[in-house]
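These protein sequences, in sequence, are chains A and B. Reading the first sequence from the start, the letters are residues 1 to 456 in this note's numbering. Reading the second sequence from the start, the letters are residues 1 to 322 in this note's numbering.
Treat the hints with care, as some may be off.
Derived list of chain B stretches under chain A, where covered just means 3 residues or more per stretch with a C-beta under 8 Å from a C-beta of chain A [unchecked claim]:
1. 128-135
2. 299-312
Between beta-carbon pairs, the in silico distance windows are [what the hints assert, rightly or not]:
3. B/Phe25 <-> A/Ala65: 18 to 26 Å
4. B/Glu283 <-> A/Arg12: 44 to 52 Å
5. A/Lys202 <-> B/Arg55: 18 to 26 Å
6. B/Gln313 <-> A/Phe309: 28 to 36 Å
7. B/Arg55 <-> A/Ser99: 25 to 33 Å
8. B/Gln313 <-> A/Ile334: 21 to 29 Å
9. A/Ser99 <-> B/Ala265: 30 to 38 Å
10. B/Gln214 <-> A/Pro413: 54 to 62 Å
11. B/Thr213 <-> A/Leu92: 52 to 60 Å
12. A/Met199 <-> B/Glu176: 52 to 60 Å
Simulated crosslink set (SDA-like; lysine to any residue; CA at most 20 Å straight-line) [as the list claims (entries may be wrong)]:
13. A/Lys395 <-> B/Lys164
14. B/Lys5 <-> A/Ala168
15. B/Lys248 <-> A/Asn391
16. B/Lys179 <-> B/Asn194
17. A/Lys70 <-> A/Phe13
18. B/Lys5 <-> A/Leu427
19. B/Lys175 <-> B/Gly186
20. A/Lys202 <-> B/Gly186
21. A/Lys126 <-> A/Ser98
22. B/Lys164 <-> A/Asn391
23. B/Lys43 <-> A/Ala168
Worth flagging that the hints you see were computed from the coordinates, not collected in a lab. A quick note: this is a predicted structure, and the numbers were derived from the prediction, not measured. From the three backbone atoms N, C-alpha and C, an ideal C-beta is built for every residue, glycine too.
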Amino acid sequence: MVNFSDLNFIFRFLPLFVIAYYVTPTRFRTWTLLLGSLLFYAVGDIRMFPALIVAVLVNFLFAKAQFGEKSKSLLLFILAIDAGMLIEFKILGQFVDSSLLPIGISFYVFKMISYQMDVYWGKIEKDASFLNVAAYFCMFPQIVSGPIMRYEKFLDNPMLFKEDGKAALIEIVGAIEDGLRFFVAGLAMKGLLADHLAMLWKDIGTIGYESISTPLAWLGAVTYSMELYFDFWGYSLMAAGIGVMLGFPFVVNFDQPYGSGSVSEFYRRWHATLGSWFRDYIYIPLGGSRKGEGRTVFNLLVVWLITGFWHGVTPNFIMWGLSLFLIIVLERLIVFKRLPGFLSKIIGKINVLVLIPLTWVVFAISDLNMLGDYFMRLFPFFGQGIAVNDNDFFKNVGVYWSVLVPGLILLIPKVFETWENHRRNPLFTVLWIALFWVCIYSISGAAGNPFMYFRF
Amino acid sequence: MKVLKECPILIGIVLIGVVLTIVSFIFKDTVYSEYADTVSDGKIPVLSLVLKGARDEVYPWSTPSVEEEALLPAPEEVVEPAAEEQKGTTLIIAGEKQEFQPGQVSANDVSGNDISGNSEPEVYEFTEVDDDYFTDALFIGDSRTVGLSEYCEELDTRATFYSKVSLTIFDVMKKEFIKTDDGKIGVEQALSENQFGKIYIMLGLNEIGTGDTQYFTDAYSEVVNRIRELQPDAIIYIQGIMHVTAKKSDHDKYFNNARINERNAAISELADQKDIFYLDMNESVDDEDGNLDSTLTFDDVHLKASSYERWHQYLLHNAIVK
Chain A
1 MVNFSDLNFI FRFLPLFVIA YYVTPTRFRT WTLLLGSLLF YAVGDIRMFP ALIVAVLVNF
61 LFAKAQFGEK SKSLLLFILA IDAGMLIEFK ILGQFVDSSL LPIGISFYVF KMISYQMDVY
121 WGKIEKDASF LNVAAYFCMF PQIVSGPIMR YEKFLDNPML FKEDGKAALI EIVGAIEDGL
181 RFFVAGLAMK GLLADHLAML WKDIGTIGYE SISTPLAWLG AVTYSMELYF DFWGYSLMAA
241 GIGVMLGFPF VVNFDQPYGS GSVSEFYRRW HATLGSWFRD YIYIPLGGSR KGEGRTVFNL
301 LVVWLITGFW HGVTPNFIMW GLSLFLIIVL ERLIVFKRLP GFLSKIIGKI NVLVLIPLTW
361 VVFAISDLNM LGDYFMRLFP FFGQGIAVND NDFFKNVGVY WSVLVPGLIL LIPKVFETWE
421 NHRRNPLFTV LWIALFWVCI YSISGAAGNP FMYFRF
Chain B
1 MKVLKECPIL IGIVLIGVVL TIVSFIFKDT VYSEYADTVS DGKIPVLSLV LKGARDEVYP
61 WSTPSVEEEA LLPAPEEVVE PAAEEQKGTT LIIAGEKQEF QPGQVSANDV SGNDISGNSE
121 PEVYEFTEVD DDYFTDALFI GDSRTVGLSE YCEELDTRAT FYSKVSLTIF DVMKKEFIKT
181 DDGKIGVEQA LSENQFGKIY IMLGLNEIGT GDTQYFTDAY SEVVNRIREL QPDAIIYIQG
241 IMHVTAKKSD HDKYFNNARI NERNAAISEL ADQKDIFYLD MNESVDDEDG NLDSTLTFDD
301 VHLKASSYER WHQYLLHNAI VK
């Protein structure tokens, strides 16, 4: 149920929760949010539920102590606890049993760290109540995979904190409707595009990386890049859409990253709440770019190593982080500094459209030997494939064109923007109702049917 | 009214949702009875019945007594239609026939009782052949056979393949999936129009959760008999279902090697050692514990492209020459 594209979430939890949320008087609505979120989490991961509760309590109490006189040692202590908890569970989850990794821990711990630092910096002035802090940490639209919203945005919710009494029905219905638009858009990206692109990526694995043709290897890199993009962008849209339904401001997590002119820009627009988290709570506290070129490079290294580790504990994630560090440093020191303008523009675009998909391949394949095989097929100068079928590219394009083509079209920045600006247009209204049911049709095939994914 | 104008998508979705739920409820025990168990425990919303049905082209206006081909019976459910009448057409298998081991056929394995008639039966042994053996061969199978066609050039350039992802023994004679210049045709028609010297079948994985072993074997027998009628001169090879890896087998209620072995043992009995033979290629891809060797596969079920050669080699070394 903790998956937004699960039928039980869409048809049971979400409608019931939204009704309960708005039936509750404004004064107690945050309670509904907190209790609903705890229920949501408990259903998804009851075993690790206590870890969440303890983390919420400890973080609330430590932050409370900081509202008076600020203590740096106290801050460092709680940050160490938070970071230590995240690292420990990540290692347990990787090396002992994946079920030991609490759902959403990467995200809720980052929220907690941001809260601690914002309190320390005095960005949160009013002594925050336990209810608000707990609801902010646990709120179900964000607990599983973000976006990492800041506390100040949590307070920016008229449905929870309206000064002059309750919201009019028309405002509530308007919020639900607009949230629903984003939710359906996200659901379609996830259910119709990402999940099907994932099948192509899996089919490529089934062939065995040593046996794919070079065109298929490149198609695979594009496919996986798009799968990840639409999976996460779609998820973020669903999460942000639910947030909007509940009165929160829309949180932008993906802002057309593939329209970027450089890799550094790409990562300001890809998973933007994570990028800005790293910027505000690691890069800038380390000195950012204000302490000379050498220190800047070092700070970037720290940021990207932690980013790699945060995504996963296996060596390929560290390699992924390091390769992005290298590209970003090269862009910074050479491409955009020493090369003529037009050339740096071209190289920046190539970095985004060619190098980024290659870094995703590193991200995707945790087995280093298999990763080596894959790159050997991407760049066939270094070795031969085994039992390669040269028709595999056309065969797979023939099977998957119906998701590849819409995926590629959606990469064009204008497309989504156009919808966003005209989303209230009646044409889109009708289309969105249909889109919703097409998604449900697609999802329902798999629901309760263990054989759906086992078709040999 | 003003409020309603504010939320057309919400209203549209809710209305359609209500209608689908009502329809699902009304037809729960008739048209959608085959799916009812997926929602009866409350694990998924009732309205999914209509959508699940639609995937299989079952609609509220369809007649409730749908043919079994459209609806897979639920796993573990023993399905018994037509079991009786099939018995009459089951291949005659001698009661005392021993477990048949490919490559080890000796005179003792095939007793004279197997074959009616007075002439001394010829005893066939598996021998090694070269690739030209496959020029008049036909392969029928699911995605694994599709893989063989795609990644074994020697076979693909010589043999014919009637293979399709998710093909089962239940639908192999019913589905029209063979591409010809005049559109798609079924196996029945294709075998009436073309004659083959050898026919290799490997089916049974997709339907491993369907019915019990007897039900599966009966269906298999029916298919073999029909092929026998259409191709009187062909050697028919019943290939045992290829195993899955231990990783899959140990954690899967249906797709496990115990089930596969049980069904393989049953279909091996369909061989008559005369013109129907049983082949088990698992020995060429198994690890020491009798599971598919995990280094040969990515998804625990299919051979990697580079591993199909083992299957090919096995076939080259285990052929019947008449």
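Comparing the hints with the structure gives:
Evaluation of the coverage hint for the region 128-135 of chain B: breached, as 0 residues show C-beta separations to chain A shorter than 8 Å, against a requirement of three. As drawn, the region 299-312 of chain B meets chain A at 9 residues by the rule of a beta-carbon pair under 8 Å; at three or more, the given contact holds. Remark: the range hint 18 to 26 Å for phenylalanine 25 of chain B to alanine 65 of chain A is contradicted by a beta-carbon distance near 56 Å. Take glutamate 283 of chain B and arginine 12 of chain A: their Cβ atoms lie about 50 Å apart, and the range 44 to 52 Å holds.
Range check, lysine 202 of chain A to arginine 55 of chain B: about 21 Å between beta-carbon atoms, so the 18 to 26 Å window is met. Taken as a hint, the range 28 to 36 Å is violated for the pair glutamine 313 of chain B and phenylalanine 309 of chain A, whose Cβ atoms sit roughly 45 Å apart. For the hinted restraint 25 to 33 Å between arginine 55 of chain B and serine 99 of chain A, the CB-CB distance of approximately 32 Å keeps it satisfied. The supplied range of 21 to 29 Å is broken by glutamine 313 of chain B and isoleucine 334 of chain A, whose beta-carbon atoms lie about 53 Å from each other.
Range check, serine 99 of chain A to alanine 265 of chain B: Cβ separation about 36 Å, and the 30 to 38 Å hint holds. Hint check: glutamine 214 of chain B to proline 413 of chain A, Cβ distance near 60 Å, so the stated range 54 to 62 Å holds. Distance hint check: the CB atoms of threonine 213 of chain B and leucine 92 of chain A are about 42 Å apart, inconsistent with the given range 52 to 60 Å. Between methionine 199 of chain A and glutamate 176 of chain B the beta carbons are some 24 Å apart, a value that contradicts the proposed interval 52 to 60 Å.
Straight-line distance between C-alpha atoms of lysine 395 of chain A and lysine 164 of chain B comes to about 14 Å, which keeps the hinted pair within the 20 Å bound. Note on lysine 5 of chain B and alanine 168 of chain A: the hinted pairing holds, with a Cα-Cα distance of about 15 Å set against a maximum of 20 Å. Taken as a hint, the lysine 248 of chain B and asparagine 391 of chain A pair is broken in the structure, with Cα atoms around 30 Å apart against an allowance of 20 Å. The suggested pairing of lysine 179 of chain B with asparagine 194 of chain B holds, with an alpha-carbon distance near 14 Å, which does not exceed 20 Å.
A threshold of 20 Å between alpha carbons decides the hint, and for lysine 70 of chain A with phenylalanine 13 of chain A the separation of about 41 Å lies outside it, so the pair is violated. A C-alpha spacing of about 15 Å is found between lysine 5 of chain B and leucine 427 of chain A, which places the hinted pair at or below 20 Å, so the restraint holds. The suggested pairing of lysine 175 of chain B with glycine 186 of chain B holds, with an alpha-carbon distance near 6 Å, which does not exceed 20 Å. Restraint check for lysine 202 of chain A and glycine 186 of chain B: the C-alpha separation of about 29 Å exceeds 20 Å, so the hint is violated.
For the given pair, lysine 126 of chain A sits about 39 Å from serine 98 of chain A by alpha-carbon distance, which is inconsistent with the 20 Å threshold. Distance restraint check for lysine 164 of chain B and asparagine 391 of chain A: the Cα-Cα separation of roughly 17 Å lies within the 20 Å cut-off, and the hinted pair is therefore satisfied. A hinted pair counts as satisfied when its Cα atoms are at most 20 Å apart, and lysine 43 of chain B with alanine 168 of chain A does not qualify at roughly 36 Å.
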